[in-house]
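Engineer: With these hints in hand, go ahead and build the complete structure from the sequences.
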Amino acid sequence: MKISVIVTNWNGLNLLKKYLENVIVNSPEALEVILADDASEDGSLAYARQLQKKYSKLKIISHKKNVGFGNNTNDAVKKAKGDYVVLLNSDIDPHKNYIKNSLIHFKNSKVLGVGFAEVGNENYAKLFWKNGYLQFTRGLSTKAHISAWVSGGSSVIRRDYFLKLGGFDHVYEPFYFEDFDFGLRAWRSGYTMLWEPKSVVEHKHESTTSKFPKKFLIYVKERNHLISVLRNVTDKKLLFQNKIFSFLRVLSGPNYLKIILAAHRQIKKYSAPICSKERSDKEVLNLFEQ
Numbered sequence: 001m002k003i004s005v006i007v008t009n010w011n012g013l014n015l016l017k018k019y020l021e022n023v024i025v026n027s028p029e030a031l032e033v034i035l036a037d038d039a040s041e042d043g044s045l046a047y048a049r050q051l052q053k054k055y056s057k058l059k060i061i062s063h064k065k066n067v068g069f070g071n072n073t074n075d076a077v078k079k080a081k082g083d084y085v086v087l088l089n090s091d092i093d094p095h096k097n098y099i100k101n102s103l104i105h106f107k108n109s110k111v112l113g114v115g116f117a118e119v120g121n122e123n124y125a126k127l128f129w130k131n132g133y134l135q136f137t138r139g140l141s142t143k144a145h146i147s148a149w150v151s152g153g154s155s156v157i158r159r160d161y162f163l164k165l166g167g168f169d170h171v172y173e174p175f176y177f178e179d180f181d182f183g184l185r186a187w188r189s190g191y192t193m194l195w196e197p198k199s200v201v202e203h204k205h206e207s208t209t210s211k212f213p214k215k216f217l218i219y220v221k222e223r224n225h226l227i228s229v230l231r232n233v234t235d236k237k238l239l240f241q242n243k244i245f246s247f248l249r250v251l252s253g254p255n256y257l258k259i260i261l262a263a264h265r266q267i268k269k270y271s272a273p274i275c276s277k278e279r280s281d282k283e284v285l286n287l288f289e290q
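UniProt numbering applies: residue 1 is where the sequence shown begins, and numbers increase by one.
Since the hints were made in silico from the structure, they are not lab data. A portion of the hints provided could be inaccurate.
[Claimed, not checked] Okay, the calculated beta carbon distance ranges per label pair: (1) 290 x 56: 40 to 50 Å; (2) 142 x 53: 23 to 33 Å; (3) 198 x 66: 32 to 42 Å; (4) 268 x 21: 16 to 26 Å; (5) 138 x 56: 34 to 44 Å; (6) 213 x 18: 34 to 44 Å.
[As the list claims (entries may be wrong)] Keeping only pairs whose Cα atoms sit at most 27 Å apart, straight-line, the calculated DSS-like set for lysine-lysine is: (7) 18 x 198; (8) 211 x 107; (9) 64 x 54; (10) 258 x 237; (11) 221 x 236; (12) 110 x 18; (13) 18 x 79; (14) 198 x 236; (15) 18 x 143; (16) 130 x 282; (17) 269 x 65; (18) 78 x 65; (19) 211 x 17; (20) 107 x 143; (21) 18 x 96; (22) 221 x 282; (23) 57 x 143; (24) 258 x 110; (25) 164 x 2; (26) 107 x 17; (27) 64 x 96; (28) 236 x 258.
Only a predicted model underlies this, so the values are computations on that prediction, with no experimental measurement involved. Glycine included, every Cβ here is placed at the ideal spot set by N, Cα and C.
Structural biologist: Right, here's the structure in full:
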């Protein structure tokens, strides 16, 4: 079982200094730990090159121009040598055996990804439909549990399945909802996503997205949430409900009209990844009602 670890980074030098070495030490199963750098300008690459002198399994993939989280991850997964790929944000500090405890689930050929348990957070995601949108709640369990998706910064995936489904959709650039969307496509295609409580990591929530203005982050979240519906839902009744509730949101505040228009512009820019339709929208939603 060949395993690669990918740590995505953008101007996260301080985070790399805190956590990257621990990622390497606590990932003995990995044949390589890849730093996927998205055109950092803060000395991240210089630090990683110094660390390479101590750890030969550390590899570096860098972009000359910023390509966004999804594209950066996709590129690294394509270049990874492992059959299974661990995806970590640069602010993740993994505990020992975090990889080992997740691998048992891949004996089931339908399992595409396993999410890690983040200390102090409710973790698995339960999907439902409300007010014209795909919604989710978080849950916590002492046993492995199905999850609507697994985090693109705290999980392990089958590399071939990930690439077969087209990886993260470029439409969500620069970030947010890539993993949510991928989870929907995985479930629609007949695969399974799980969360494993024994695969423990600490998410320090020091992400470099905090460098962006709060107003911009809210805008991107709202736009991409709408895109996730328009991109994935095919049930006519559900789409009609989305139109009604979107109209009501426009009436309550004109800013949402800008979000609707931006979502449609973004969708036109990128063709949708291939997704087989083994499960309908309602069949996927019903899985989380059990």
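Engineer: Against this structure, judge whether each hint is valid.
Structural biologist: Status of each hint after checking the structure:
1. 290 x 56: 40 to 50 Å: The hint (40 to 50 Å, Cβ to Cβ) holds, given that residue 290 and residue 56 are roughly 47 Å apart.
2. 142 x 53: 23 to 33 Å: violated (42 Å)
3. 198 x 66: 32 to 42 Å: For residue 198 and residue 66 the Cβ distance comes to about 36 Å; the hint holds.
4. 268 x 21: 16 to 26 Å: With Cβ atoms ~44 Å apart, the hint is violated.
5. 138 x 56: 34 to 44 Å: holds (39 Å)
6. 213 x 18: 34 to 44 Å: violated (25 Å)
7. 18 x 198: holds (23 Å)
8. 211 x 107: violated (40 Å)
9. 64 x 54: holds (25 Å)
10. 258 x 237: holds (24 Å)
11. 221 x 236: Given pair residue 221, residue 236 holds - Cα atoms ~24 Å apart, limit 27 Å.
12. 110 x 18: Given pair residue 110, residue 18 is violated - Cα atoms ~36 Å apart, limit 27 Å.
13. 18 x 79: holds (26 Å)
14. 198 x 236: At roughly 40 Å apart (the allowed maximum being 27 Å), residue 236 and residue 198 break the hint.
15. 18 x 143: Distance ~30 Å between residue 18 and residue 143 Cα, so the pair is violated.
16. 130 x 282: Holds - the C-alpha atoms of residue 282 and residue 130 are around 13 Å apart, at most 27 Å.
17. 269 x 65: holds (19 Å)
18. 78 x 65: holds (18 Å)
19. 211 x 17: Between residue 211 and residue 17 the Cα gap is close to 18 Å, so the pair holds against 27 Å.
20. 107 x 143: Holds - the C-alpha atoms of residue 143 and residue 107 are around 17 Å apart, at most 27 Å.
21. 18 x 96: holds (16 Å)
22. 221 x 282: This hinted pair holds, its Cα atoms lying about 24 Å apart.
23. 57 x 143: violated (33 Å)
24. 258 x 110: Violated, at roughly 40 Å.
25. 164 x 2: holds (18 Å)
26. 107 x 17: Since the Cα atoms of residue 107 and residue 17 sit roughly 35 Å apart, the hinted pair is violated (cutoff 27 Å).
27. 64 x 96: Judged against 27 Å, a Cα distance of about 34 Å means the pair is violated.
28. 236 x 258: holds (24 Å)
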